[in-house]
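Novice: Spelled out from the first residue to the last, the chains are:
Protein chains: 2
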Amino acid sequence: MFSSSPPPSGPLEKLFQYIDLHQDEFVQTLKEWVAIESNSVQPVLHFRQELSRMMAVATDKLQCLGAAVDSVDLGSQQLPNGQSLPLPPIILAELGNDPKKPTVCFYGHLDVQPAQQSDGWLTDPHTLTEVGGKLYGRGATDNKGPVLAWINAVSTFRALEQDLPVNIKFILEGMEEAGSVALEELVTKEKHRFFSSVDYIVISDNLWISRTKPALTYGTRGNSYFMVEVKCRDQDFHSGTFGGILNEPMAELIALLDSLVDSTGHILIPGIYDQVAPLTEEEKKTYETIDLDLEEYQNSSQVEKFLYGTKEEILMHLWRYPSLSIHGIEGAFDKPGTKTVIPGRVVGKFSIRLVPHMNVSVVEKQVKQHLEAVFSKRNSSNQMSVSLALGLQPWITNINDNQYLAAKAAIKTVFGIEPDMIQDGSTIPIARIFQDIIQKSVMMLPLGAVDDGEHSQNEKINRWNYIEGSKLFAAFFLELAKLHE
Amino acid sequence: MFSSSPPPSGPLEKLFQYIDLHQDEFVQTLKEWVAIESNSVQPVLHFRQELSRMMAVATDKLQCLGAAVDSVDLGSQQLPNGQSLPLPPIILAELGNDPKKPTVCFYGHLDVQPAQQSDGWLTDPHTLTEVGGKLYGRGATDNKGPVLAWINAVSTFRALEQDLPVNIKFILEGMEEAGSVALEELVTKEKHRFFSSVDYIVISDNLWISRTKPALTYGTRGNSYFMVEVKCRDQDFHSGTFGGILNEPMAELIALLDSLVDSTGHILIPGIYDQVAPLTEEEKKTYETIDLDLEEYQNSSQVEKFLYGTKEEILMHLWRYPSLSIHGIEGAFDKPGTKTVIPGRVVGKFSIRLVPHMNVSVVEKQVKQHLEAVFSKRNSSNQMSVSLALGLQPWITNINDNQYLAAKAAIKTVFGIEPDMIQDGSTIPIARIFQDIIQKSVMMLPLGAVDDGEHSQNEKINRWNYIEGSKLFAAFFLELAKLHE
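Chains as they are written, first to last, in this note's numbering: chain A, 3 to 487; chain B, 3 to 487.
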């Protein structure tokens, strides 16, 4: 672990002291929140009741801080099987509305992935348990710990009767792990009311790339997911009775899929790289400073060899270049054994991760044109069709924006180090949704370490990350206010 | 329907008259046999009991003819779920052992595919129902009708107190639709006992290629079924977190599968056509005379266009050329929806139908060498392995063999026409098993028409095919004896 930097002076000193002195209380609150099994993934009434209880506990907590809380009832959800289940409310809360201060809205979620000790947990997943400075429990890092760190920061100002340097808002949901049901609608609806005064949105729902070095995330890749269908007829054929006289749909689909990407990972669709932002020397340098131990990364991934041999190439191909993955085929024989079938109709599935400044519609056109060209060369009597099943734009933000500068300064103050400026190769729609709808600056400010194991067994947050993270948010409020002076 | 040829004279005249006069009795017996739901496909005690009852009824019938019947108990079968179910016996029967006469052994099976009226049958599948000369019922053509036609032929000689011109043997099983459990072992065991005196084996378990013109089958394609695995690691990856830096197993497998066959159906594995028997002018001519209405065939197959435009090419590519079909992929995403997975380990499945004089071991070697060469060019860090999951040699026999000459002559007598000399594109292991183990001449002599619908709803045998088929077997006995005089 890093040793903290020299103790700050002035208001910060008192804040940090308070947080250090009250850290066991903060851990105790996290323990109480982890004890609520707010599982949104399994659509069962019991868990929905636990989710409602979780949101009520959070409402109480925010009200104790003096926040005005609006617990927005979302009614119920109709499941595909016809069953109806209540949805947990979304919490909209605000604390302070001084027009001279900037307003920061914190997004977080209080639902969790399922967890049972029998899944392979070393401790009860719903009893926060500290072992060697690690706080094990479901939701500890994803996302109850970071939500509470923000609340800890606010409550420290209140306890010390220090003026909050920023107006604070919260949007806390309970269905994030189940696809953020009803969130986008609510954000759209509240754009000109709750969000009208918001200047900054902070999300703390991802991880550092290192076990010890803090990070700021400024981009996530988008995704365009395609289905390509080749059909001869609806029924399958027997490969003895028809093999040799058919344009077999599987062979055609295989040829189409094989035209997409080469053995070096290069995408073969004409024009696909045209819109990719050119790499500047300045950007290139940012990858060199990032704390990634390539050997450790490779070992923990259980991959014998990556396509690239340097840290910089690896990071660029995960973050700033598109990638194409073939996920599978629907309609073919997928079970163990030796079925002698000629599938009559098959659907191939692949997706392209999108990076700035790629655009879903342009990529859709390029993919369709390419596959149609490949297919037409085959002179096939089968029918081929391509469709875009999912289109999510990449998200990137300006790292010279005020809140990034404030966060960097706060990290420097708390951790004594410049953060890794990172992106995320996967698609986190929430950042892009806020940016598109509210059209305000969005920042992803993670608190957890790379080995926190969100979604897996033995999820944890380090006590150090949780407590220093609370300090970080407090310092961030002050830094942000400074930039608005 | 064809009109029968001029009535024969001599012993045949009486035999044919008897069969015509007693046809309703023969249909009645078929009705009794169809009423027994001898389903071997569903491993349920009730059906196994019905199977045993079916074998007992057949044993009685053969004993009434004067045959010595050995009902060979096969004990029970252990299912993968641990359950144990009794197996129906295999019937070995013989009638006559005159060393001066040739001995013909008839192979047939008395089990059936499952059938329920709710599957889309117009009549109760277990109540043989005649509509417009068609006898509808499960097992009517596959294979109870042909078994009874053989028995009808024998019983006609007995009823008329005519000397049987050949020694007759039967091997009747009850597990054909479930993979002929225990048959090969029994044939091997009985090679030097029951089968030692057998000169000819006749199988009547396939169909004509026409609705009206009889056929003799002299070959079936073999099959070599391959699994090709590409593995990076056992677990899957998230395509956001790893897409762009991996040699993805799916892309590699797709490339391997795409190297197997081109858009014209031509197999690209080096050397694969080297062993294919050259096409002689004589053989070429045989395809011209075959009764296949290409347009009707295409319509009934619901295929817009075949790879070939002439009857001759179609038949040759189904029967005398190899074909390669890709069946599917195990381990990839095969469900509806948009899972963003990079499968960590995938297994592609394809098979090559084999024709004379291809050999499973040579093909195995060629396939492995080819795929290893394609894979090694990719410089991949993944592991690739190819295995042969199933290897069945093609079967072909000499159409100038005595029993083919006798069958041709008998067809000419009964139907007044030369038969279509046909092969079957699919793999029927039983012919090859008998030929390999017993090393005697095997003939496939079908009685049913192309539209009999074996294995589907509304399976039927035409009364005409059943009754003329009974005459055909009687005439065949006499013709075969003549060749041995």
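Treat the hints as calculated values from the structure; they're not laboratory data. Please note that a few of the clues may not be correct.
The list treats identical chains as one, so a pair stands whether inside a single copy or across any two.
Claimed, not checked - Taking lysine-lysine pairs in the DSSO-like style, the calculated list, with each CA pair at most 30 Å apart, reads:
no. : residue 1 : residue 2
1   : K442      : K215
2   : K414      : K484
3   : K370      : K341
4   : K233      : K341
5   : K63       : K341
6   : K103      : K16
7   : K287      : K370
Novice: Give a verdict on every hint.
Specialist: Going through the hints against the structure:
1. K442 with K215: within (28 Å within a copy, 80 Å between copies)
2. K414 with K484: within (15 Å within a copy, 106 Å between copies)
3. K370 with K341: between (32 Å within a copy, 21 Å between copies)
4. K233 with K341: both (19 Å within a copy, 22 Å between copies)
5. K63 with K341: neither (59 Å within a copy, 37 Å between copies)
6. K103 with K16: Within. Shortest intra-copy distance 22 Å satisfies the 30 Å Cα cut-off; inter-copy 114 Å does not.
7. K287 with K370: neither (36 Å within a copy, 46 Å between copies)
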